[in-house]
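Enquirer: Residues per chain are reported as follows:
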Amino acid sequence: MNEKPLLRVRGLTTEFVTSEGAVARALEDVSFDVLPGKTVGLVGESGSGKTTTLMALMRLLPASGRITKGKVWFNDTNLLALSEREMRDYRWKSMAIVFQGAMNALNPVMKVGDQIREAILLHDLMDRGAAEKRVRDLLEMVGIAPARRDQYPHQYSGGMRQRAMIAMALACAPDILFADEPTTALDVMIQAQILQLLKEIQRALGLAVVIVTHDLGVVAEVCDEVVVLYGGKVAEYGSVDRIYNHAQHPYTQRLLESFPDINNPSETLASIPGTPPRLTQLPPGCRFEPRCHVKINRCAEVSPPLLEVEPGHYVACILREGKEANFQ
Amino acid sequence: MARRDYLIGKMGISLLTLLFVLLLDFLLFRVLPGDPVRAVIGRNIRISADVQSSLRAQFGLDKPIFLDQFVDTLGQWARGNLGVSWSQRRPVSEILISKLWNTLLLIGLGQLFSIIFGVMLGLLAGWKRKTPFDIGALTFSLIAWATPTFWLGIILLVSGSAWFGLPTGGIVSPANIGKPLHTVLPDLIRHLILPTLTFTILYLGEYMLIMRSSILETLSEDYILTARAKGMSNFQVLMRHGLRNAMLPMVTIIALNLGFTVSGAIYIETVFSYDGLGNLVQTALVKQDYPLLQGAFLLLAVSVIAANMLADFLYTYLDPRVKAN
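Chains as they are written, first to last, in the working numbering: chain A, 1 to 328; chain B, 1 to 325.
Keep in mind that the hints are not guaranteed to be accurate.
Sample of chain B residues at the chain A side, in silico, Cβ under 8 Å [as the list claims (entries may be wrong)]:
id : residue
1  : 219
2  : 221
3  : 225
4  : 319
5  : 320
6  : 321
In case anyone wonders, no lab produced these hints; they're calculated from the structure. Glycine residues also receive a C-beta, built at the ideal position from the N, C-alpha and C atoms.
Using the sequences and the hints, build the whole thing.
Expert: Quick look at the structure:
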């Protein structure tokens with residue numbers, strides 16, 4: 001890990017004001033690195049803060065949410081210190097995002113090709129003619145016939161829409177691609193194709209990717225590093241090998257057990273009893289404590305620090321041993 | 001291809017609607033009390049029964065209402081013959097056309113201003129949601145929408161004439177009556193200010209409210225987030241991705257309003273003694289001038305249907321999904 005990270009997220013903390021006026025701490029002290037050309041997976045249950053993390057990184061949180069603490073270093077620029085005007089230059093040109101396939105992420109009344117070209121022209125990257133050629137090249141790259149640039153999103157299938165979304169994300173040649181559950185709501189065959197496409201594009205363009213998913217199979221297939229989020233905090237963070245084969249956080253362990261194993265098909269699937277914490281009423285100690293199967297009394301009292309249990313492998317659990325993480 | 005099929009389908013439905021409306025318009029004035037022949041001869045009881053029945057035969061009134069009279073009437077209407085006004089003794093079509101232009105001028109201007117300002121106000125209010133501007137625009141629009149037409153008309157008439165010396169009624173000053181309108185343009189404009197202003201304020205409220213809720217709904221869509229993620233400013237997002245989608249419900253409302261207001265400016269035309277269709281309908285109603293009313297109803301029905309077709313047509317350009325269904 002000698003290479004300089006492209007993106008360094010440090011102590012990212014966000015707060016949302018709910019419609020009842022309560023404050024929900026959606027993210028607390030989230031830190032991780034994204035290396036050039038590598039893939040980081042953000043994993044966790046619904047409401048664990050995966051999507052919020054991506055939105056916070058692009059500074060696109062809804063009006064009810066705000067970033068209260070932390071730094072997001074893109075190369076040597078702290079994105080959180082930029083003005084909105086300056087931040088707009090980073091969006092799509094430095095970091096682009098692919099939304100969920102189920103989402104209505106393409107404008108229904110605009111031709112797909114126009115929506116892609118719009119991003120190129122917006123950032124003044126090239127003239128209209130060159131942009132038009134790039135639109136066709138991009139569509140071809142993701143496996144869509146360039147002739148279909150003049151069609152509208154409703155004339156595309158779900159998988160094609162997702163391909164078009166990927167083509168659009170690549171329009172300004174970003175350094176980092178965020179993918180928010182890119183395969184959710186697609187059928188299994190299409191899921192595999194889209195993942196394959198993402199991998200190929202990443203390899204060809206040397207892109208860094210941050211992928212949000214609750215599908216551990218996807219993580220194992222595409223990720224180099226994994227950040228496991230629970231209740232808005234990092235539970236465990238490390239390389240995909242360490243997380244999958246040597247998970248140390250009780251939550252990660254139970255999460256992995258709750259996935260089917262092809263080698264033991266008869267095994268009944270484990271589930272984690274209980275529900276994730278309510279972000280407006282967080283427990284004072286470890287957020288996983290109420291559901292933990294190995295907890296001790298102290299777990300309900302102290303919030304566990306993130307410990308470096310081995311180089312590059314971090315766990316937020318007081319039962320583990322290691323020195324407190326100190327990210328540069 | 002799909003667009004053509006869609007439009008042909010819509011035209012078919014419009015034709016059916018038109019036929020039904022014609023039937024109603026025909027029947028309505030057959031079931032009303034009164035005999036056309038008696039109305040023509042008035043109180044002259046010396047006209048013998050023979051003459052009366054020959055008069056009936058001459059007008060085709062001795063034939064059965066269905067189908068003969070109905071078909072005759074349709075044929076007459078198709079040739080532009082809407083009958084003769086009982087009160088004015090002139091062809092109904094001639095009277096209608098002479099008033100239609102005046103009304104179109106008033107409605108056209110009123111709708112144009114209320115659409116432009118209503119859409120702009122609604123767009124900005126929705127965009128700047130919960131700001132003082134939004135609350136102010138919302139309050140103004142609700143009040144404007146709830147205000148009775150005649151009351152607003154009278155208030156504007158009184159204040160406009162008292163403080164700004166604007167004319168209180170008519171289309172042109174008495175001295176200019178009968179001259180071609182384009183030769184007395186300044187005078188015409190002065191007369192149009194108050195009724196147009198009344199019309200604009202009344203419809204502006206409705207358009208603003210619908211546009212505001214429409215843009216709020218649109219701005220919560222996922223593709224708006226995509227547009228922001230691309231690096232667009234909020235204003236660019238609003239104009240490029242918000243406006244067109246938010247205009248879809250507006251097109252329907254505007255088209256419906258256009259159809260109805262062709263004869264619907266009755267209050268405004270009455271308050272301002274404006275010589276248009278609304279005023280004409282009101283007079284015809286008071287004088288029980290059935291042929292004139294029948295003609296006016298026909299014109300109204302046709303304009304409503306035409307406006308709806310216009311909306312369907314515009315929809316195919318604004319929303320590509322319409323063609324698919």
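Enquirer: Are the hints correct? Go through all of them and say.
Expert: Verification of the supplied hints:
{"no.": "1", "hint": "219", "result": "violated, 10 Å"}
{"no.": "2", "hint": "221", "result": "holds, 6 Å"}
{"no.": "3", "hint": "225", "result": "holds, 7 Å"}
{"no.": "4", "hint": "319", "result": "holds, 6 Å"}
{"no.": "5", "hint": "320", "result": "holds, 4 Å"}
{"no.": "6", "hint": "321", "result": "holds, 5 Å"}
The earlier numbered hint that this structure contradicts is number 1, and it is the only one.
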